[in-house]
Amino acid sequence: MKYANLTLPSMKLCFAMALAAGMMAFPLSTKAEQAVQNVQQAGVVKGQVTDKNGDAVIGATIKVKNAQAGTVTDFDGQFSLNVQGPGTLVISYIGYLTKEVPFTVGQTLSISIEEDATALDEVVVVGYGVQKKSDVTGSVTSINKERLSKLPVTNVLQAVQGAAAGVTIQQGSSIPGDAPSALVRGRNSINAGTGPYIVVDGIPISKSGGSLNDINPGDIESMEILKDASATAIYGTNGANGVILITTKHGKDGKPSISYNGYLGIEDFAKKLDYCNGAQITQRYRDYVAQNPGETMYNDYVKNQAEAANQAAGIETDWLYDMVSQTGIIQDHNVTINGGAENVKYFISGDYMSQKGVLKGFNYKRYSLRMNIDADVTNYLKIGTNSYIVSHNRDGGRVNFLMAEAMSPYGQVYEEDGSYKQYPMYSETLFFNPMQYIDQDHERRQWNINLNGYADLNFGNIWKPLEGLHYKFNFGYSFGPKRENYYNGEAEFNYSGGYGYIFNAETQSYTSENILSYAKDIKKHHFDITLLYASSRKKYHESKATGSKFINDELSWHNLGGGSTQTSGSYSDLYTTVSQMGRLNYSYDSRYLFTFTVRRDGSSVFGADNKYGTFPSVALGWNISNEKFMEKADWLNNLKLRLSYGKAGNEAIGVYETLAKMSNSAITMDGASATALYPSSRMGNSGLGWETTKTFNIGIDFGILNNRINGNIDFYTSTTTDLLLQRNLPKISGYSNVYMNMGKTANKGLEVTINSKNIVTKDFTWGTNLVWSYNKNEIKDLYGDEKDDLGNRWFIGEPISVIYDYVMEGIWQEDEIARGDHLNHDPQAQAGDVKLADLDGDGKITPEGDKKIQGQTAPKWTAGLTNTFSYKGFTLSIFIQTAQGHKRNNSLLAMAADEQGRRNSTTEVGYWTPENKSNEYRSLSKTSNRWGYGFPRNAGYTRIKDVTLSYQFPAQVINALHLSALTAYVSGRNLYTFTSWKGWDPEADITQRGWGGYENNYPMTKSFVFGLNVTF
Amino acid sequence: MKLRNIIYSALAVSALALTSCSDSYLEEKMYSSYGTDVTDVEAKVIGLHYKYADLWGWSDQQGFVGCFQDGTDVGAPGSTQGVEVPFYQYGSLNAENSGVSKLWTSLYSIINSANIIINTADVDPAAKGEAEFFRAYAYNMLVTLWGPVPLLTESKAEPRTDFTRQSVAEIDAVIAADLNDAMANLPEVGKTKTQNRINKDCARILAGEAFNRMGKFQEAEAAVTATINSGNYKLIQERYGKYLSDAGDYYSDMFRWHNQRRSEGNTEGIWVFQMEYERDVTGGTINAPQQRRNWVAAFHKLTDFMQNADSLGGRGNGRLRLSNYVKYGIWEKGDIRNSNHNIRRILYANKPNVNKEISVKDGFRVDDGTPGATKITIKTGDRIYWTVKDTLEVMYDHPTKWGGYDPTDDFGWSLVKDWPLMRLADAYLLRAEARINQGNTAGAAEDINVLRDRAFKTYRAETGNAEAGKVTSAQMTIDFLLDERIRELVGEENRRYTLCRTGKLAERVKMIMDNWAEGTDSKKITGFDASKHCLLPIPLSEIQLNKDAELQQNPGY
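If you're matching them up, the sequences are chains S and V in order.
Here the first sequence stands for residues 1168 to 2183, where the numbers follow my numbering.
Here the second sequence stands for residues 3 to 559, where the numbers follow my numbering.
Treat the hints loosely; a few may be bogus.
Stretch-level coverage of chain V by chain S, calculated; a stretch enters the list once three of its residues show a Cβ under 8 angstroms from a Cβ in chain S [unchecked claim]: (1) 153-161; (2) 193-201; (3) 453-466.
To be clear, the hints were calculated from the coordinates, so they are not data collected in a lab.
Here the structure is a predicted model, which means the values were calculated and not measured.
Beta carbons are placed, not taken as given, at the ideal position from N, Cα and C, and that holds for glycine.
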């Protein structure tokens, strides 16, 4: 036995490594030996299952331990089961404790099962401590743990999308390694940051230079989202936009347990748009030339000289789906070791994630190592660490998606010497070869080294009368270097002498927290008190350098000094905070709950007189179901009413906004560089102070029919005042804008979460989870005079971000122009132009009179619906997510008018010609959209987001393989989208050429993965 | 023992954290920006040059250059970018045009920077004079193009939304005072810290423009006379500099890259705004000046025959053409300013190994088989032909003043040559204008003849006709002067500004529409309303943001 004990872990480790190294060779076939079974006398075991009141329990699951046999109880709670011999029965029922009862063949059992009090007394993390769920007074959402595993997500927020009420996640970019954005309960702030505050293992990663990308989703044990003022007030300064608390896995007592979790899959475009083929582009060119006097064709078929040869030879290139794209591959391999020896528990996790994007060159690799160790140094002192190192690698020259969209199928890919032709549609030089950067030497690296530690002193174990008193010291240090280097060589870019670029940045931050807590029960009274003193500091530094005109391309960016010209630049800043917090929880008999919190925060970003803000909150809870008068309501298992009101602060502006700054640039004077100084376009404001959000929340938690249906409903209303508003100024003063504390916004919302076990039988269960949230956002006031700010597009009574534009009525038709309909409407209009509504009826289109609010850019409501079906070892989970009621400008429709006929475009968007009198699409004329209408369109969508089928291998197989658990699954993501949106995807950020970030256009992707979770 | 140590050290660390409670812990220290209290005036003055470069080197809207030429008597649209379209299709000019707001915003930004310097206590008078020059420049441009505008003479870092328009007279008083101060206190040419800095004569030329606009003709005449009489400048009448072995003439030498500065032999330049190749000198180009890409035709598209070359001035984009009036209406035979080196009308194949047969009819290339066409074979060095359609973008008569080419940057996104902003010829033109307005036509004719003597020098020598190009006092009218400004300064001057300054925009636009209209409908000037378009609209966002007072829009917008 000793021998076995020694070797087994190492065998397991080897096995884990083998799995990690090669998922492809799924090693199921390695062992198939059956455990030898003794032949025993078969027979029947019978019995009845009752609850503590002696009532029959219907539908309880009865199973023989370590065997396949099983059944469910009938209407009388009776069961009968064929067995092979004596053994142990496992009785389980939702909401009740699982019970094991030994039996012999032919025995009739009478089994009583007990309610699982902990189902309600599940512990949730609430910040600076944990609380029994039944005692929580604030609005806290826990993320279903099932969503944290078995999904091929690289960032945990991707798993939260649609799965938590009141949390809006948007995946604007699907570029491998890009994080989605999160918004809790609508936008409070107009200009200041609106993302939630993220805390991992007690240490904030927001504002420390880290991001959720640094956290391996597989390492996450639990995730809680704090939403109302009572819950967030303990994070005072940072709580106004909600708080996401993440707790990573920790070691458990006992033997080391090694697990391997991994998946491997492919990615593809979620939707493939069709683009013009050769014949279509010829037609498009001809129509463009016909509609634009002065424009010419190169010959009868193509517009540009470089297209002529391929056209004549009949060669067409599929730039999008052949040249720039590929089958994406995503894989993740995670090995964890979890265990504990005497007084020490550990959890160690190593993860490798790799994503090869659907566009060439968009790669992402992440390597991470986490060590969570907890040690009981003595019976009164516990110390531990939650530390991790993560490395991100986004190297690679990248193709340009927009350019691939724009290319004519007749464009020349290569020069005669085999290099990429810089302008495949030459003499058209607006659009360059989308492959041009593919061989670029480009490194994008980022690391985060996080060393966190704590010491927890339990005074009760030092001196008995102090029982319940704890002091905890939490310290987090994070070092986050980042760099980007690239080189544009002479050969690739026709860029004589080349150009090299190096960027380095580093963030060093620390957080220290002193937490004193005291808990005491006196009869039915329970108190707990938490006091906090904390400070944090973040120092950022960056430097960049360039070199150009090298002798040759050999050294790439590795020796910028080798170029004949260099430039350099650097920047540093410092951010500090100090905080004090106190919290009192009081409950009486688990019926009446009360929480009072006050936090005082100081931040360096504010003016000298306004550094500190104080944020109190109060909350009440009433566990109605614990009242005597509710005892008769058997159908009701849980009913709790929650009320809270409080203030939270938001300081989310950058550093140095209180100070007046000069900008500096270089300019040459007689051939030498000189320093030019001029005032920055943003005015400094030394009076800046806290932005404050007050939230009222009323919520109900309920569970009925043995908790088969449970959930919660929350209604909230919040008001934010003293907004940190970036106010645009008339530029007459020489300044463009200034941050000010002014204005008022409000949010109202309703959130519903319902979990239901629709069908529960022995082999088959069907559960449904519905999450629905609605938010109404409104600007209440801006400058104290209740006037709109048209210049900034802020309107009293409207949501913060609205689309304010002309109204499109259709397209001007030839007969209308011939009749002169346009003369008293839009006299410049030509047939094929966008026809805008003359809203003020003054006979012309003017920006002053004919624009109106067309809708909001944030969804009015979002929902997620998960249906989970289990049959024996199989589980099928289908998750559908929707976001509705918002508009976005459609960049494909709004393509610059003078580019329309000079580039390829999707055939999903048509165009007007005298023959094809569209009333939806404009002509290809350069002036077809002379008013710059932005084409706002409904961006609502419903997505089949995730479908996961998993299989939990039965005990025989697991035992035969010497494993503890084995689950295999296949999962598909973004499988189908229902939407009226024209173009790629309503959620994906796709911008026009020349607009910010257009190089980063990337399609929405779908993926299919196969995964394994193995515990040895 | 060991345990106690851990506890003590933990407490010690937390105690350390507690000490961070001191007030200085939250104080903000800027590591990487100067505050506005920085005392270095020199860098702030250079900042004014930077702001100027940032305005006229604007590339966000590549057609910006055309806003000031299209829809006047000199410019006609080529392959337009968009921002300039409402400047000839006037019906669509509105208060949201980004070219209008760029100019407005940049001018006020210059004013703010200048105000900081001017109001610095005990500031060096030369630095103050330079700031006053830029402030006068900005206000003069503002009142010329917008009429009454808000007047600020101090920089205040407080959010204001109650601006109102001040009368032109009030602003003119500030301009006049600034210019008088600048003319008195700025250094003489050659005495500035670097040769591109503002000298007395820059202020005098600006004063000539501003005083002529204000009707202070005597002051205008006096200002530029000081420059003419200073003896510091000479009109270029002989070839000079580094291109002596290239084809060219003495007039074109002034506009060649590396030949424009006083130190490079240009005795005529008063304000030459310096650019350097960004890849050689940091800060060489500010933003990405688009003048070449606007003014020069896209003849690189004649790929059968042409390639970019130093001698041709690099790659153009054909956005801005010359009006028919400039091409066909204003030239006398023998004027060097109209030579093929200065207004390029003819091209010779410069690609190696050209040998191509084409069909030509009436001086243009036509499809093979066109009746009446003759077939000719073109070889490298031969004169080439293009189609009629090509004249809208690919090749048209264009001024060469903005040509510039570096073979390591064939695409040429930015123009990197110096900008000719003020030169001695302008002093004569401004004095002639002041003299015409004072009735001194003989004096005006004298000034114009100085320029004509230079322009016709070669022709007179070749023909022996000493009177060629001479003007008489009878010819001296403002219209003649405006034509002469075209002949001398086309491409260099902001024509919209000149026509607004002289009150001639409406007349000149009518003349073009009536007599010199473009052949293609979409390139014609349309929608011009004399009661509206002689002033620009105040940017709508400025009116909307200025919520505590009405910033009245100009009539018609």
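Query raised in the report: With a cut-off of 8 angstroms between beta carbons, are at least three residues of the stretch 153-161 of chain V near chain S?
Result: Holds: 6 residues of the stretch 153-161 of chain V have a Cβ under 8 angstroms from chain S.
Query raised in the report: Does the stretch 193-201 of chain V contain three or more residues whose Cβ lies closer than 8 angstroms to a Cβ of chain S?
Result: Three-residue rule met by the stretch 193-201 of chain V, so holds; n is 5.
**Report entry** Three-residue Cβ test at 8 angstroms for the coverage of the stretch 453-466 of chain V by chain S
**Finding:** Three-residue rule not met by the stretch 453-466 of chain V, so violated; n is 0.
When each numbered hint is compared with the structure, a violation occurs for hint 3 only.
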